[in-house]
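> Chain order of the listed sequences is A, B and C.
According to our numbering, the stretch in the first sequence is residues 1 to 286, in order.
According to our numbering, the stretch in the second sequence is residues 1 to 471, in order.
According to our numbering, the stretch in the third sequence is residues 1 to 282, in order.
No lab work stands behind these hints: they were computed from the structure.
Misleading hints may appear alongside valid ones.
In the BS3-like style, the derived pairs of lysine-lysine whose C-alpha atoms are separated by at most 30 Å in a straight line are [claimed, not checked]:
id : chain 1 : residue 1 : chain 2 : residue 2
1  : B       : Lys91     : A       : Lys141
2  : A       : Lys141    : B       : Lys99
3  : B       : Lys77     : A       : Lys141
4  : B       : Lys72     : B       : Lys384
5  : A       : Lys111    : C       : Lys200
6  : B       : Lys216    : C       : Lys141
7  : B       : Lys79     : B       : Lys384
8  : B       : Lys326    : B       : Lys223
9  : B       : Lys100    : A       : Lys141
10 : C       : Lys141    : B       : Lys279
Which residues of chain B face chain A? A few of them, derived with a C-beta cut under 7 Å, are [said to hold, decoys possible]:
id : residue
11 : Pro84
12 : Thr98
13 : Gly101
14 : Asp295
15 : Glu403
16 : Ala430
Stretch by stretch, here's where chain B covers chain A in the computed footprint (C-beta under 8 Å, at least three residues) [stated by the list, open to error]:
id : segment
17 : 46-54
18 : 233-242
We put the CB at the ideal spot given by N, CA and C, even for glycine.
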Amino acid sequence: MTTTQAQVRPNPLGSRSKSAGLAFLLLVLGVLYLSPLLWMVLTSFKNRVDIFSSTPRLTFAPTLDNYREAFQENGFTTNLLNSGVVALLTTGIALLVGVPAAYQLSRSKSKLGGIYLLGLLAARLLPAMVLSVPLFVLATKLGLSGNYVAVVAAHLTFSIPFTVWMMRSFFLSIPPSLDEAALLDGCGEFGVFFRVVLPLTKGGIAATTVFCLINSWNEFLFALVLTGRDTATLPVAVPTLLTPIGTFWGQIAAVGTVTVLPIALFAFLVQKYIIAGMTGGALSSD
Amino acid sequence: MNASRRRLPTIAICLSIASMAIAGCGSSTQPEASAKSVEGWSQAHAGTTLNVIAEATANSGIIQDQLPDFEKKTGIKVKLEQAPYDSLVQKAVLDFTTKKGAYDVLSIPYEYLGSFAENKYLREMDDFVATPPAGVGDGYASSDIVPGLWEASSKWKDHWYGAPSNSAVMMMLYRKDLLESKAEQDAFQAKYGYTLAPAKTWAQYRDIAEFFTRDKGDQVDGKASSEPLFGAAMAGKRHVSTVLEWMNYSWTYGGDLFDSSGKPALNSPANVAALEYEKELTDFAPPGYTSATWDEITASLQQGSVAQSITWGDTAGAMEDQASSKVKGKVGYASIPTAKEGDTPEAHLGSWTYVVSANARNAEASELFVAWALSKPVQLKLAKQGGLPALTSAFEDATLKSELPYWEQELISLNEAKSRPRIPQWSGIADVLSLQLSRALSGQASPQAALDDGQDKLEQLMDGALPVTYQ
Amino acid sequence: MQSPAFLVLALVVVFPLIYSINLSLRQFSLVIPGRTGQWAGLDNYRRMLHDADFGASLITTLTFVVVAVALEAVLGTSLGILLDRLVRLRRTITSVLLLPMIVTPLIVGLMFNFAFNAQFGYATWALEVLGIETDQGLLNKGSTALAVLIAVDVWEWLPFIALMVMAGLRALPASPFEAASLDGASAMQTYRYVMLPMLKPVIGVAVLFRATEAVREFDKVFVLTGGGPGSSTTVNDLYQYRVSFLNWDLSYGAALGMTTFVAVLAICALVYRVTTRMDARV
Numbered sequence: 001m002t003t004t005q006a007q008v009r010p011n012p013l014g015s016r017s018k019s020a021g022l023a024f025l026l027l028v029l030g031v032l033y034l035s036p037l038l039w040m041v042l043t044s045f046k047n048r049v050d051i052f053s054s055t056p057r058l059t060f061a062p063t064l065d066n067y068r069e070a071f072q073e074n075g076f077t078t079n080l081l082n083s084g085v086v087a088l089l090t091t092g093i094a095l096l097v098g099v100p101a102a103y104q105l106s107r108s109k110s111k112l113g114g115i116y117l118l119g120l121l122a123a124r125l126l127p128a129m130v131l132s133v134p135l136f137v138l139a140t141k142l143g144l145s146g147n148y149v150a151v152v153a154a155h156l157t158f159s160i161p162f163t164v165w166m167m168r169s170f171f172l173s174i175p176p177s178l179d180e181a182a183l184l185d186g187c188g189e190f191g192v193f194f195r196v197v198l199p200l201t202k203g204g205i206a207a208t209t210v211f212c213l214i215n216s217w218n219e220f221l222f223a224l225v226l227t228g229r230d231t232a233t234l235p236v237a238v239p240t241l242l243t244p245i246g247t248f249w250g251q252i253a254a255v256g257t258v259t260v261l262p263i264a265l266f267a268f269l270v271q272k273y274i275i276a277g278m279t280g281g282a283l284s285s286d
Numbered sequence: 001m002n003a004s005r006r007r008l009p010t011i012a013i014c015l016s017i018a019s020m021a022i023a024g025c026g027s028s029t030q031p032e033a034s035a036k037s038v039e040g041w042s043q044a045h046a047g048t049t050l051n052v053i054a055e056a057t058a059n060s061g062i063i064q065d066q067l068p069d070f071e072k073k074t075g076i077k078v079k080l081e082q083a084p085y086d087s088l089v090q091k092a093v094l095d096f097t098t099k100k101g102a103y104d105v106l107s108i109p110y111e112y113l114g115s116f117a118e119n120k121y122l123r124e125m126d127d128f129v130a131t132p133p134a135g136v137g138d139g140y141a142s143s144d145i146v147p148g149l150w151e152a153s154s155k156w157k158d159h160w161y162g163a164p165s166n167s168a169v170m171m172m173l174y175r176k177d178l179l180e181s182k183a184e185q186d187a188f189q190a191k192y193g194y195t196l197a198p199a200k201t202w203a204q205y206r207d208i209a210e211f212f213t214r215d216k217g218d219q220v221d222g223k224a225s226s227e228p229l230f231g232a233a234m235a236g237k238r239h240v241s242t243v244l245e246w247m248n249y250s251w252t253y254g255g256d257l258f259d260s261s262g263k264p265a266l267n268s269p270a271n272v273a274a275l276e277y278e279k280e281l282t283d284f285a286p287p288g289y290t291s292a293t294w295d296e297i298t299a300s301l302q303q304g305s306v307a308q309s310i311t312w313g314d315t316a317g318a319m320e321d322q323a324s325s326k327v328k329g330k331v332g333y334a335s336i337p338t339a340k341e342g343d344t345p346e347a348h349l350g351s352w353t354y355v356v357s358a359n360a361r362n363a364e365a366s367e368l369f370v371a372w373a374l375s376k377p378v379q380l381k382l383a384k385q386g387g388l389p390a391l392t393s394a395f396e397d398a399t400l401k402s403e404l405p406y407w408e409q410e411l412i413s414l415n416e417a418k419s420r421p422r423i424p425q426w427s428g429i430a431d432v433l434s435l436q437l438s439r440a441l442s443g444q445a446s447p448q449a450a451l452d453d454g455q456d457k458l459e460q461l462m463d464g465a466l467p468v469t470y471q
Numbered sequence: 001m002q003s004p005a006f007l008v009l010a011l012v013v014v015f016p017l018i019y020s021i022n023l024s025l026r027q028f029s030l031v032i033p034g035r036t037g038q039w040a041g042l043d044n045y046r047r048m049l050h051d052a053d054f055g056a057s058l059i060t061t062l063t064f065v066v067v068a069v070a071l072e073a074v075l076g077t078s079l080g081i082l083l084d085r086l087v088r089l090r091r092t093i094t095s096v097l098l099l100p101m102i103v104t105p106l107i108v109g110l111m112f113n114f115a116f117n118a119q120f121g122y123a124t125w126a127l128e129v130l131g132i133e134t135d136q137g138l139l140n141k142g143s144t145a146l147a148v149l150i151a152v153d154v155w156e157w158l159p160f161i162a163l164m165v166m167a168g169l170r171a172l173p174a175s176p177f178e179a180a181s182l183d184g185a186s187a188m189q190t191y192r193y194v195m196l197p198m199l200k201p202v203i204g205v206a207v208l209f210r211a212t213e214a215v216r217e218f219d220k221v222f223v224l225t226g227g228g229p230g231s232s233t234t235v236n237d238l239y240q241y242r243v244s245f246l247n248w249d250l251s252y253g254a255a256l257g258m259t260t261f262v263a264v265l266a267i268c269a270l271v272y273r274v275t276t277r278m279d280a281r282v
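Assemble the whole structure, with the sequences as input and the hints as a guide.
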């Protein structure tokens with residue numbers, strides 16, 4: 001795991017001096033690669049005429065009108081809040097119930113545990129329609145429609161399995177001898193979990209949290225079916241800007257930018273946890 | 001002729017008109033001695049909040065702006081939600097199914113009337129139609145609502161379920177400035193051998209479309225154009241807007257979804273001919289017509305990038321809107337062309353109607369809202385600000401006629417209007433048609449093959465519900 | 001400590017599953033009066049056999065998944081190996097690569113709408129400048145619309161495979177490479193016979209994960225093409241959405257969903273079996 005070993009592997013990019021030039025090339029390629037995203041951000045500051053120009057315009061007089069119209073006049077601030085609330089609730093519940101379950105599964109070798117884990121994976125494969133119609137009916141029957149319950153429940157169908165699998169692989173990397181030692185020292189089962197094991201998997205929990213938040217924030221289909229007027233999240237609200245009296249591309253770009261910005265910043269700040277999360281399941285288990 | 005085919009002006013609704021005559025004067029009387037009232041509007045429900053949903057159109061926007069007036073008159077607060085067509089229908093169906101009454105008043109497209117009425121999702125409003133309910137104040141006169149429009153949008157079988165919220169009807173929009181240009185007229189005469197004028201027949205419509213399809217830099221009206229120009233904007237996406245547009249071609253070619261005995265007749269020669277014609281027109285459509293809906297049509301027209309289009313009359317306001325339209329004052333409005341010169345024009349009615357949910361939390365307050373929305377001051381504001389009213393007096397208003405270039409055409413087209421089926425199977429029919437039309441228009445199947453496929457699907461879909469005797 | 005998780009999941013997964021199975025054996029429509037849940041036996045499943053639209057949606061989905069994931073795997077692995085060398089730029093590169101995959105998929109769809117819009121898209125313009133005639137725009141022909149969707153998916157998820165490969169490479173032990181270079185293996189040989197086999201488990205997991213996600217593709221198709229033109233981009237989830245939430249045929253929608261679920265589950269089990277057996281042989 002040291003950088004020295006990298007020198008042993010063949011270097012497809014050649015010597016270091018060449019790689020300086022290549023770095024510049026990569027920068028250009030990187031900007032090109034992100035151009036769809038950058039273009040949307042640019043578009044959000046354009047007026048109608050500049051947007052509809054059949055020759056793309058890179059220079060234009062920037063305007064904040066799109067943001068003002070979307071967030072001050074068209075109520076997208078509410079959707080922004082809804083997105084936040086749904087993501088936080090989902091993540092909170094998923095961690096609360098998923099982390100202890102993951103710990104227990106990591107310490108048990110029973111067949112049942114294995115089946116349970118596979119069941120969780122299978123749950124991830126359920127088509128959205130199979131889940132959303134019953135959840136909708138259930139929420140209605142329980143008198144819970146019109147609030148966040150149904151959509152949060154739907155988001156739990158992917159965030160709990162994710163949390164369990166992810167955290168299990170982090171817990172597996174902690175030798176069971178450690179908890180056994182702590183048990184002998186007189187900690188109860190809960191004590192071991194909270195005082196010994198959890199602090200050791202802070203990184204894993206951070207990674208899991210980040211992924212749960214992003215996945216819930218980004219989810220569209222469940223939210224489309226299961227949210228109402230007061231609970232619609234940003235992705236659900238954006239398509240309402242395509243209307244018979246015109247498509248408000250400027251506002252779409254503005255709302256799109258605001259939807260993407262928090263997670264982009266967030267991802268930048270907690271980058272190492274995201275990488276840990278992505279690779280955690282693949283690299284640390286087995 | 002199909003029993004349920006309606007020509008709006010020709011049907012006199014004796015019952016309702018008779019009752020309206022009585023109601024017309026009764027409406028301004030004070031309802032309850034105890035309740036306070038403002039301009040005759042009862043304050044009995046002051047403090048109530050109504051949840052209303054309507055399509056995101058000009059009309060809804062203007063109603064939104066006037067809500068303080070309703071609150072002033074009745075003390076009722078209204079939360080108006082605006083949504084696009086698909087999502088509005090979804091929200092409505094889901095809300096009805098849950099019986100939660102999350103929405104008290106809903107503005108629904110009339111093709112869902114049969115389904116919603118038969119599922120008992122809607123409050124019966126026979127009494128509302130017969131006599132304005134207690135507490136309705138000045139400015140509302142049911143006799144003023146365009147009768148045929150009201151019936152088509154709100155009456156299902158023997159009962160009434162609402163009142164029209166939007167009187168949209170399809171018509172032909174064209175670039176008056178281009179058609180009246182001397183240079184263009186001469187060139188057209190030379191090329192086609194007849195005088196350039198707003199199309200009366202589909203053949204002329206096609207010629208005009210071909211004639212005005214120009215590249216960027218070509219001469220348009222004597223000037224080099226900075227953007228390309230196209231002959232006709234059309235909807236070709238797998239979406240209901242494509243279905244509704246095609247039905248104009250179908251009807252004027254003598255086709256329909258069901259034959260006179262009420263059986264599906266989707267692949268009739270007339271329907272195939274109509275689709276072949278529409279397919280031919282796509283040669284002159286702006287790029288991307290296969291992903292275009294009414295939204296893109298409006299945008300193309302506003303941008304000035306097309307010469308003509310068959311589209312909805314309620315977008316006329318958007319054409320004449322200084323802020324968003326490049327063609328203000330340059331658009332002409334006319335009836336939909338016909339197959340042969342002299343045929344009776346047909347126009348596709350697209351009206352919307354305010355219904356009250358069967359689970360509305362406050363049905364009386366809901367009816368007050370419907371009456372207010374159809375009261376004259378509100379409707380006149382609708383008209384002045386680029387929306388469409390449902391009152392005869394508003395369409396006949398002399399000032400409006402002189403100020404709004406599209407005003408007279410709206411009433412003409414309404415009088416030529418015909419309804420699409422309002423049967424419960426409509427959502428399935430629209431889905432079958434949108435797929436098959438989109439296949440044909442994008443060249444994945446021939447018009448005949450697409451409609452043959454559609455006919456099979458339609459027969460399956462209608463299994464057990466045939467013949468269609470009332471639609 | 002498992003019980004809360006089990007309870008919550010029972011509520012949000014097991015209940016809907018049982019409900020959907022039950023629903024799929026009935027006649028239930030929200031718009032057609034009289035279809036209020038009458039027992040229908042296997043009618044809905046029988047209907048599927050003759051449903052050409054369903055068949056078409058399966059083929060479209062399969063094409064989408066296979067082509068997109070294969071491209072992502074090949075391009076992503078190559079990119080990962082290339083970028084692995086840039087030690088100093090690692091953090092910046094990672095940031096750039098992370099963005100496409102964490103951006104809201106629906107917004108990704110809309111972003112590419114700005115690019116491929118037939119009238120004002122900058123990519124449409126660029127293609128025209130390059131002399132490539134797009135005619136109606138790439139999104140408006142059945143063949144190219146699916147290609148654009150696949151390209152967008154590759155744009156979004158190629159970085160995922162690349163990042164996985166980069167992380168995988170860092171975790172590799174040095175000794176096999178040392179041995180290879182002592183044996184005088186060429187660079188190509190080292191890649192082929194040393195690096196790739198060791199990366200296989202990482203790539204395998206990434207591909208399986210991507211495939212299960214791609215099978216459920218909905219958001220980007222919904223905003224970019226809506227399934228059209230015609231039915232050329234109607235993937236399975238979109239078709240089910242149309243059946244359930246545009247036609248309100250909830251019982252048939254449930255039957256479609258259950259069938260898809262069983263099929264995907266079976267394919268996953270098979271793929272899992274095959275890959276683990278292959279691993280055992282290597």
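> Each hint should be assessed against the structure and marked as holding or not.
Results for each hint:
no. : hint                   : verdict
1   : Lys91/B with Lys141/A  : holds, 17 Å
2   : Lys141/A with Lys99/B  : holds, 10 Å
3   : Lys77/B with Lys141/A  : holds, 28 Å
4   : Lys72/B with Lys384/B  : holds, 22 Å
5   : Lys111/A with Lys200/C : holds, 28 Å
6   : Lys216/B with Lys141/C : holds, 23 Å
7   : Lys79/B with Lys384/B  : holds, 23 Å
8   : Lys326/B with Lys223/B : holds, 17 Å
9   : Lys100/B with Lys141/A : holds, 10 Å
10  : Lys141/C with Lys279/B : holds, 15 Å
11  : Pro84                  : holds, 6 Å
12  : Thr98                  : holds, 4 Å
13  : Gly101                 : violated, 10 Å
14  : Asp295                 : holds, 5 Å
15  : Glu403                 : violated, 20 Å
16  : Ala430                 : violated, 16 Å
17  : 46-54                  : holds (count 3)
18  : 233-242                : holds (count 3)
Checked against the numbered hints above, the structure breaks hints 13, 15, 16 and satisfies the rest.
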